[in-house]
Amino acid sequence: MSDISVFLKRWGAVLALVLLILFNLAFTPHFATTQTLAINLTQVAVVMVVGVGMTLVIATGGIDLSVGSLMAIAGALSPMIFTGQLFPVPNLYVGIALGIVLPVMVAGMFGYFNGWLITRFSIQPIIATLVLFIAGRGIAQVWTNGDLQVFKVPEFQQIAIGRLLGVPFQVWIMAVIVIAATWTLRKTVFGRQVLAIGGNEAAARLAGVPVARVKTIVYVVSGVCSGIAGLIVIAMNSAADANLIGLGIELDAIAAVAVGGTLLTGGRATILGTLIGALIIQLVRYTLLANGVPDSAALIVKAGLIILAVWLQRQDRA
Amino acid sequence: MDTASQVPLLSMQGIDKSFGGVPALTGASLEVAPAEVMALIGQNGAGKSTMIKILNGAVASDGGAITFAGAPWTANSPQAAQRGGISTIFQEINLIAFRSVTENIYLGREIKSRFGFLDWRAMHEGARGLLARFDVFVDVREPLMNFSTAIRQMVAIARAVSFEARLVIMDEPTSSLDEAEVQILFQTIRQLKAQGVAVVFVSHKLDELYAVCDRVTIMRDGRTVAVANMADMGKLQLVAAMLGRDLAEIRKAGSTAFGEGGQAIGGELLATSGLAVGRRVQSADIAVRSGEIVGLAGLLGSGRSETARAVFGAEPHRAGEVRFAGRKADFASPREAIAAGLGFCTEDRKIDGIVPEMSVRENMTLALLPALARSGIVDEARQAEIVKRFITEIGIKCSSPEQKIRELSGGNQQKVLLARWLCMDPKLLILDEPTRGIDVGAKAEIQRLIRSFAERGLGVLMISSELEEIVEGADRVFVLREGRTVEEFDKDQISESALMNAMAHGGDADATSPKGAAFV
Chain A
1 MSDISVFLKR WGAVLALVLL ILFNLAFTPH FATTQTLAIN LTQVAVVMVV
51 GVGMTLVIAT GGIDLSVGSL MAIAGALSPM IFTGQLFPVP NLYVGIALGI
101 VLPVMVAGMF GYFNGWLITR FSIQPIIATL VLFIAGRGIA QVWTNGDLQV
151 FKVPEFQQIA IGRLLGVPFQ VWIMAVIVIA ATWTLRKTVF GRQVLAIGGN
201 EAAARLAGVP VARVKTIVYV VSGVCSGIAG LIVIAMNSAA DANLIGLGIE
251 LDAIAAVAVG GTLLTGGRAT ILGTLIGALI IQLVRYTLLA NGVPDSAALI
301 VKAGLIILAV WLQRQDRA
Chain B
319 MDTASQVPLL SMQGIDKSFG GVPALTGASL EVAPAEVMAL IGQNGAGKST
369 MIKILNGAVA SDGGAITFAG APWTANSPQA AQRGGISTIF QEINLIAFRS
419 VTENIYLGRE IKSRFGFLDW RAMHEGARGL LARFDVFVDV REPLMNFSTA
469 IRQMVAIARA VSFEARLVIM DEPTSSLDEA EVQILFQTIR QLKAQGVAVV
519 FVSHKLDELY AVCDRVTIMR DGRTVAVANM ADMGKLQLVA AMLGRDLAEI
569 RKAGSTAFGE GGQAIGGELL ATSGLAVGRR VQSADIAVRS GEIVGLAGLL
619 GSGRSETARA VFGAEPHRAG EVRFAGRKAD FASPREAIAA GLGFCTEDRK
669 IDGIVPEMSV RENMTLALLP ALARSGIVDE ARQAEIVKRF ITEIGIKCSS
719 PEQKIRELSG GNQQKVLLAR WLCMDPKLLI LDEPTRGIDV GAKAEIQRLI
769 RSFAERGLGV LMISSELEEI VEGADRVFVL REGRTVEEFD KDQISESALM
819 NAMAHGGDAD ATSPKGAAFV
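In order, the protein sequences belong to chains A and B. The numbers in the numbering used here rise by one with no breaks, and the one at position 45 of the first sequence is 45. In the numbering used here, each number is its position in the second sequence, counted from 1, plus 318.
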């Protein structure tokens, strides 16, 4: 393996991000504005929150296809709670609190179901999570009769449109989740066990790692992250559409993980890498749109990025 | 043989190669004559694997000249090497277990009929013909996984030969074969030779070299240190050349390094009675006392590993009882066993031992992690201290504790895995083939280590297919045959012939008693 490919493998994603930013500074009008930054960061926050859970799942050698559907479940459930449709709530603030906590818990429980299928019956993750990928959105649609729920509750929508120190609140949520996950992966027994399972599951089991428990927790975390992402999406739109919330996000999240340098077979994971991957994907889309290239063409570029990332990963095999 | 023996088939001269600045080969050489079986030996890290990889095109050399069959050799991939006449058969046979014998032989250059369809009849015919050259007669339409390792290896060899290979490289081909299968392989090698094909044979088992090789090339530290006729080289000379040590020194130390032990054997630690596991183990009765090394001997498939796994809670048992430290201990998972004070080094490091992407530090403390943590957070200072201590104490050669374990040699990987358990301060350590695939030097170190920990009160249950290791290392031996404990030998009764007799005939009505067998 040549020195150049070592360098590219290690820093390729960062390099790509820097090049994209430089390109935009030179060619995209109004790029160096706080507004542009805010737009890109709010866009990336949703993918990234899902991407954190996905990184942990992929670190164990699994995959979670159900994230988009779990977003839809949480997103559809929340307005039903804080508008008092489902059960009477004493006042708005209790309603909002329940409307945040309960949907996230429900998404976590669906994540537990994924983990249970995978560990109890040894079903391949891609198949096990396909169950909720299909059924999850169906559940959300049945709850809402497939109708769009429009609401105007600014207090709830603070989680998407509010700002703290000038930074959109959802970006703060993303930052907290990213830091917490990075720290967990690096410093805790749980984090190391996640990587050990992805690196060699049989060896981990024989070394006393509670494989089933760790795997289940990882899917629960992915479910919780999806739930939070679902709430951010409805708060941004001030509407919940079970047909559209989180549609196709599993692919964006997996792409961010892959571009970021996490090994798709498990055993090596980087949350910050996923963040860089998500930023790259977002910025590519933004660059193309801002320069008049249609969204459809952006999809092709995204695919190209994934191929590049996988190619870089394979350089390791020599 | 007149001019042919003067002109080598393969000549590698002055080969240099370094990986990331660390030299793996410095001016190494290898010459093979046509129809010659050349042994290639050396400790792990001597450079054998790198030589092979250069030859089959997997890696490029930094310098040196290679000629093959009179022309410069320029293969830049294993496929190109195969087409050029050099085929390699690896330790882990790289064939597709789910596909038929025929498909495996013809993979990548299938015979097609006029309309572009696969001509199965011709391929089956061809596969049968190829295997018949090695006296192997099997149903070539069956998937490869239905056959024994030996047959699979024959298929790999047949595939190599079908490429009109003039040189076949075999990288530790016997490591997963039993005695009878090894004989079949040797027969095959002789047939290859008779057909004019040269063989490079890599093995750690010295006896095998004498059985089948014409000449030997010995490597050490990336250099070729000796080339000799097999017949002119004694075993001790071979070992001395590999280790670069004085002959007398080795003679004094004996061939294994367990030394004398058994001074301070304590109370009973582990006892199983009538243990039955899966289909393989019917009734295993074994016992280990603290401070004692107990050997578990038996042929391939006699149920040794299954017994060990059941004791450790890695596999459920159907019947029988396990007692540990005086209590009933039917561990439901390795976790429970570890908590009770057991450790288990498995047979195959790659399959269920190392976590290749992780560092030496993390591999070593994988089992210890929960104990190293306060409310789930790893105490990294304590972790670093323990890792440092064991790297020194056990003599693990690594560039730093952060080096990835997959970059270490087999011997050093095994030491890390031993340390994984030793740092837990266990009461009983189960070792399944602790020195398999490890070079002579590291083997001796590991054997010494096992003994020294036993002297400090550790109970050891050691499974080994190397009789020598059991005879010299164990204080007591249990012999399993077809899933049953058939004999128990105390220290003074252990001998190779007694063990072999028990492994072959133990438990039969007319079996000789252990004492009788000792005189065979």
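The hints are simulated quantities; they were obtained by calculation from the structure and are not laboratory data. Some clues are possibly wrong.
Between beta-carbon pairs, the in silico distance windows are [claimed, not checked]: (1) Ser693(B) - Trp311(A): 39 to 49 Å; (2) Gly562(B) - Phe23(A): 50 to 60 Å; (3) Pro154(A) - Glu703(B): 51 to 61 Å; (4) Glu703(B) - Pro88(A): 34 to 44 Å; (5) Pro154(A) - Arg724(B): 50 to 60 Å; (6) Ser718(B) - Leu86(A): 56 to 66 Å; (7) Ala383(B) - Ile300(A): 40 to 50 Å; (8) Ala415(B) - Ile4(A): 30 to 40 Å; (9) Gly775(B) - Ile4(A): 30 to 40 Å; (10) Ser693(B) - Ala175(A): 36 to 46 Å; (11) Trp311(A) - Ser718(B): 22 to 32 Å; (12) Asn394(B) - Val310(A): 50 to 60 Å; (13) Ile4(A) - Asp453(B): 44 to 54 Å; (14) Phe23(A) - Arg724(B): 48 to 58 Å.
Here are a few chain B residues that sit away from chain A, every Cβ distance over 12 Å (derived from the structure) [stated by the list, open to error]: (15) Asp453; (16) Ser608; (17) Glu675.
Here are the simulated DSBU-like pairs of lysine-lysine, each with C-alpha atoms no more than 30 Å apart in a straight line [unchecked claim]: (18) Lys523(B) - Lys371(B); (19) Lys371(B) - Lys745(B); (20) Lys646(B) - Lys523(B); (21) Lys668(B) - Lys187(A); (22) Lys187(A) - Lys371(B); (23) Lys371(B) - Lys668(B); (24) Lys646(B) - Lys745(B); (25) Lys745(B) - Lys715(B); (26) Lys553(B) - Lys187(A); (27) Lys646(B) - Lys715(B); (28) Lys187(A) - Lys809(B); (29) Lys745(B) - Lys722(B).
This one's a predicted model, so the numbers in the text were calculated from it and none came from an experiment. C-beta atoms are modelled at their ideal positions from N, C-alpha and C, and glycine is treated no differently.
**Study point:** Separation of Asp453(B) from chain A, once the least beta-carbon distance is taken, above 12 Å
**Key:** Correct as stated: the minimum Cβ-Cβ distance to chain A is 37 Å, above 12 Å.
Review point. Are Lys523(B) and Lys371(B) close enough, with their CA atoms no more than 30 Å apart?
Key: 21 Å, holds
Practice item. Just tell me: holds or violated, for the beta carbon distance of Phe23(A) and Arg724(B) against 48 to 58 Å? Key: Check failed, 38 Å falls outside 48 to 58 Å.
Check your understanding: Keeping to a limit of 30 Å between CA atoms, is the pair of Lys646(B) and Lys745(B) held or broken?
Key -> 16 Å, holds
Exercise for review: Return holds or violated for the Cβ distance of Gly562(B) and Phe23(A) against the range 50 to 60 Å.
Suggested key: 58 Å, holds
**Study point:** 30 Å limit on alpha-carbon distance, applied to hinted pair Lys187(A) and Lys371(B)
**Key:** 39 Å, violated
Check your understanding: Do the Cβ positions of Ala383(B) and Ile300(A) conform to the proposed distance bound of 40 to 50 Å?
Key -> 48 Å, holds
Exercise for review: Given the hint that Lys371(B) pairs with Lys668(B), test it: the Cα-Cα distance must not exceed 30 Å.
Suggested key: 20 Å, holds
Review point. Between Lys553(B) and Lys187(A), is the straight-line Cα distance small enough, at 30 Å or below?
Key: Given pair Lys553(B), Lys187(A) is violated - Cα atoms ~51 Å apart, limit 30 Å.
Review point. Using the C-beta atoms of Ala415(B) and Ile4(A), is the stated range 30 to 40 Å upheld?
Key: 38 Å, holds
Exercise for review: Kindly confirm whether 50 to 60 Å is satisfied by the beta carbon distance between Pro154(A) and Arg724(B).
Suggested key: Check passed, 55 Å falls within 50 to 60 Å.
Point to revise | Agreement of Lys646(B) and Lys715(B) with the hint, judged by alpha carbon distance not exceeding 30 Å | key: 40 Å, violated
Violated hints, in rising order: 4, 9, 10, 12, 14, 17, 19, 20, 22, 26, 27 and 28; the structure is consistent with all others.
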